[in-house]
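Trainee: For what it's worth, my numbering labels the leading residue of the sequence shown as 3, then goes sequentially.
Possibly wrong hints are sitting among the right ones.
Here are the computed distance ranges between Cβ atoms for each label pair [stated by the list, open to error]:
#1 E677 x P727: 17 to 27 angstroms
#2 T81 x P727: 35 to 45 angstroms
#3 E700 x A442: 41 to 51 angstroms
#4 A724 x E672: 16 to 26 angstroms
#5 A264 x A217: 48 to 58 angstroms
#6 A806 x N540: 16 to 26 angstroms
#7 E700 x Q548: 49 to 59 angstroms
#8 P212 x W142: 16 to 26 angstroms
#9 E315 x R426: 39 to 49 angstroms
#10 Q548 x A752: 51 to 61 angstroms
#11 R817 x E432: 18 to 28 angstroms
Since the hints were derived computationally from the structure, they do not count as laboratory data.
Ideal Cβ placement from N, Cα and C applies to all residues, glycine included.
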Amino acid sequence: MEGPSATYNIPMAVRLTGALDVAALEAALGDVVERHEVLRTVFPSVDGEPHQHVLSAQEIGSLLTVHPYDADAVAAATTHRFDLSRELPVRSWLFEQGEFERVLVVVVHHIAGDGWSLAPLARDVSVAYAARVRGGVPVWEPLPVQYADYALWQRALLGEESDQGSVLARQMEYWRGTLAELPEELALPVDRARPAVASYEGGTVEFSVPAELDARLREVARAEGVTPFMVLQAALAVLLSRLGAGQDIPIGTPVAGRTDEALDELVGFFVNTLVLRTDLSGDPTFTELLTRVRERSLGAFAHQDVPFERLVEELAPSRSMARHPLFQVMLSVQNNAAAVLDLLGVDAQVMAAGELAAKFDLAFTLEEQPGTDGLRGQLTFATALFDTDTASALAARFVRVLASLLADPAQPVAQAEILDAAERHRISVEWNDTAVDLPAATLPELFAAQAARTPDATALAFGDESLSYAELDARAERLARLLVTRGAGPERTVALVLERSVEMVLALLATVKAGAAYLPVDPEYPADRITVVLADGNPALVLATQATAAVAHAAGADPLLLDAEETLAEQADTNAALEVALRPEHPAYVIFTSGSTGRPKGVAVPHAGIVNRLAWMQHAYGLTAEDRVLQKTPFGFDVSVWEFFWPLLEGATLVLAKPGGHRDPAYLAELIRRERITVTHFVPSMLQAFVQEPAAAECTDLRAVMCSGEALPADLRDRFFAVLPQVPLHNLYGPTEASVDVTAWACTPADTGTSVPIGRPVWNTRVQVLDAALRPVPVGVAGELYLAGDQLARGYLGRPALTAERFVADPNSSRGERMYRTGDLARWNADGALEYLGRTDDQVKLRGFRIELGEIEACLAAHPAVATAAVIVREDQPGDHRLVGYVVPAGGGLDVAELLARVAATLPDYMVPA
Numbered sequence: 003m004e005g006p007s008a009t010y011n012i013p014m015a016v017r018l019t020g021a022l023d024v025a026a027l028e029a030a031l032g033d034v035v036e037r038h039e040v041l042r043t044v045f046p047s048v049d050g051e052p053h054q055h056v057l058s059a060q061e062i063g064s065l066l067t068v069h070p071y072d073a074d075a076v077a078a079a080t081t082h083r084f085d086l087s088r089e090l091p092v093r094s095w096l097f098e099q100g101e102f103e104r105v106l107v108v109v110v111h112h113i114a115g116d117g118w119s120l121a122p123l124a125r126d127v128s129v130a131y132a133a134r135v136r137g138g139v140p141v142w143e144p145l146p147v148q149y150a151d152y153a154l155w156q157r158a159l160l161g162e163e164s165d166q167g168s169v170l171a172r173q174m175e176y177w178r179g180t181l182a183e184l185p186e187e188l189a190l191p192v193d194r195a196r197p198a199v200a201s202y203e204g205g206t207v208e209f210s211v212p213a214e215l216d217a218r219l220r221e222v223a224r225a226e227g228v229t230p231f232m233v234l235q236a237a238l239a240v241l242l243s244r245l246g247a248g249q250d251i252p253i254g255t256p257v258a259g260r261t262d263e264a265l266d267e268l269v270g271f272f273v274n275t276l277v278l279r280t281d282l283s284g285d286p287t288f289t290e291l292l293t294r295v296r297e298r299s300l301g302a303f304a305h306q307d308v309p310f311e312r313l314v315e316e317l318a319p320s321r322s323m324a325r326h327p328l329f330q331v332m333l334s335v336q337n338n339a340a341a342v343l344d345l346l347g348v349d350a351q352v353m354a355a356g357e358l359a360a361k362f363d364l365a366f367t368l369e370e371q372p373g374t375d376g377l378r379g380q381l382t383f384a385t386a387l388f389d390t391d392t393a394s395a396l397a398a399r400f401v402r403v404l405a406s407l408l409a410d411p412a413q414p415v416a417q418a419e420i421l422d423a424a425e426r427h428r429i430s431v432e433w434n435d436t437a438v439d440l441p442a443a444t445l446p447e448l449f450a451a452q453a454a455r456t457p458d459a460t461a462l463a464f465g466d467e468s469l470s471y472a473e474l475d476a477r478a479e480r481l482a483r484l485l486v487t488r489g490a491g492p493e494r495t496v497a498l499v500l501e502r503s504v505e506m507v508l509a510l511l512a513t514v515k516a517g518a519a520y521l522p523v524d525p526e527y528p529a530d531r532i533t534v535v536l537a538d539g540n541p542a543l544v545l546a547t548q549a550t551a552a553v554a555h556a557a558g559a560d561p562l563l564l565d566a567e568e569t570l571a572e573q574a575d576t577n578a579a580l581e582v583a584l585r586p587e588h589p590a591y592v593i594f595t596s597g598s599t600g601r602p603k604g605v606a607v608p609h610a611g612i613v614n615r616l617a618w619m620q621h622a623y624g625l626t627a628e629d630r631v632l633q634k635t636p637f638g639f640d641v642s643v644w645e646f647f648w649p650l651l652e653g654a655t656l657v658l659a660k661p662g663g664h665r666d667p668a669y670l671a672e673l674i675r676r677e678r679i680t681v682t683h684f685v686p687s688m689l690q691a692f693v694q695e696p697a698a699a700e701c702t703d704l705r706a707v708m709c710s711g712e713a714l715p716a717d718l719r720d721r722f723f724a725v726l727p728q729v730p731l732h733n734l735y736g737p738t739e740a741s742v743d744v745t746a747w748a749c750t751p752a753d754t755g756t757s758v759p760i761g762r763p764v765w766n767t768r769v770q771v772l773d774a775a776l777r778p779v780p781v782g783v784a785g786e787l788y789l790a791g792d793q794l795a796r797g798y799l800g801r802p803a804l805t806a807e808r809f810v811a812d813p814n815s816s817r818g819e820r821m822y823r824t825g826d827l828a829r830w831n832a833d834g835a836l837e838y839l840g841r842t843d844d845q846v847k848l849r850g851f852r853i854e855l856g857e858i859e860a861c862l863a864a865h866p867a868v869a870t871a872a873v874i875v876r877e878d879q880p881g882d883h884r885l886v887g888y889v890v891p892a893g894g895g896l897d898v899a900e901l902l903a904r905v906a907a908t909l910p911d912y913m914v915p916a
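All chains, full assembly: derive it from the sequences and hints.
Mentor: Laid out in structure tokens, this is it:
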């Protein structure tokens, strides 16, 4: 059905040394094809239906072509593409290197042969060659049957499925029940995303099961009443499960299909494929798993007569050109007789016949080594999915898991060792070697020190306003004294119901100077969210301006108005010295999570964590007095913390965007250009809109663009560098429950990967990718991401039970440290960088999301041909949300107004489309 292809070739290459009689070899090949009808069968199609047509011996012609030796030609011969409608399913080439050196390549298409067939084929060629060399013809024992006889017999044996008493009906019923709700695709630790169409290009790696392990395998098999194959199958299922494939593991295996000795010497395709389903639920012991495997395997072998192709047709799984149906991993144990070519007077040595085609994602093949102990193994892998190094690691892990399980079959299979000592040390120690000694400090003392160093430098710019470091420090100090008199101090919060403004920055600095943690409350939050934040945050006082006072009042608060005359006068009259016993472990800020997965919760982050984060950032990116950092992130999102404080601790200028300006790509491009901004941040969805803005290309003063908050797509990375090729782009990752970012990755224009890593851990931070039992997973394997180290938050404000649930004991710490369970999926790559893979949650409930018209317009601008749309919205920070995706069928048109109307009609009433 696929057309001419080398996917199902069975190649054999043999080096021939000696005085070969080429004419005798050519005649011998003709003799063998005459003996086996299937080798002279073609499959023409009539009205779309293929049928077999057996040619006579007189019709086949010569089967051997002679060429000068050329390595590329030998490789090309093994990948010959048969046209089965008119071409015999066997071809042979003889490549001459000299008078006594030749390479013979024989290729049989799988439609006419299987692995077993190679031994009788080679034996018959040897007999025929000996006869032809002597001037005679081969005399064979007549074959009892031909392949066509077997085909007719098989059809008669199976009967019709409409006959409930037939073998086919009974066996099909068994398979329907056994394979019900089978996983369509195993999650494997691939290096690349699966292509839309499988290429079948394969690679191979060799491995071995040592003699002592092979002996133990057979000992356990005897003790548990299973076959060695069943032990290998169970071990492979455990490996795949530990590599992230789940607990329901389908593995394919071939069966010879030669159920009558009359078929033993026949060349033909008799092999069938069975699906062996392994259940690892409940973390059984290996002994218990072997019992499950034996029951399933015996059932499968008792129902092996249904051709696999018929089974697929009847079960009708979701078909894909990208993967094999029903299973993607094959396991086979070869016990076929070896193919031996014994040509009179010629030494024949089988040689490698090129890479095998990869019909499956992974195919593990084991066979006994003649004359030695142990098993020889070969792993064939799809090169579209796996690198050779990854395949080698998989093969080594298979042997390691097998050894671990066999060492103690009574242990739960989840305890089987999958990492070797070197990889465990690399993951846990080398890639987490982030320790840096930093002096204990707090944000206000670091800012005060910088203000003392550069009092006259411009600290803050907002529109036409600007403040020097001395002015900003003095005004914040006066406000801090007032806040202390109103009850602010360590272990207390001060809520800030403010728009982006000079007053906002003063309030942030004054709050931390007063020793309290600032609690950002965006006036644009939905009213019910503001009420929750103020209730759970339990602030000592609430700050607002006359423009935002109504929002605070609506939530039941009585705010202190920063721009009221009496407040300004009270600050001027406050001359008492500011004495605050602030320590690094006290909270610096409390930011509430989005509430998309439940009630919003306040995350309390200490000074020590954010100071560590800012010190690392300065070391990594190095702000100077000439830098101008744009603050545009709503302050309810933790990225804003470094936007505010990093420039103010390093003597740079903090430039504020206007309220709401972060949503307007054109405004941002103009502001970045006009204010000569050198450092800024974008969430990827907004970066997408920004790089589509023509004026973005003029933002050449930028020397660093930070990205976080969403996964950064590779195509967006490439688009960014096409617009701003000289501007560094940095991808960062971190949850609210840590001090902003915990990993970082520097993108370059030369990057070609299909995903953008989130990078390596920052200073004094450890990251771990763990399985459900909190064990490290291997490189390339998906697991849940856990964080540990100095940047962890103290926990959730007033929520001790939830804190204990998410901030758990670190099993790898000897000092009783905690780690945070992020709920994010990630994996290590071979370079020691993390790749983000999404959330562990299957679904996230949307609560309180506001959809911005400008964002939808920007995202859809590049895709004007939109029919009906499913809109995907993400909250990047409390109260600030982005359209991150949409699903549309092709054709038709839908304007933005209609899209908004549909969104509004399907979302709860409190979701407000702009």
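Trainee: Looking back at the numbered hints, which does the structure fail to meet, lowest number first?
Mentor: 5, 7 and 8
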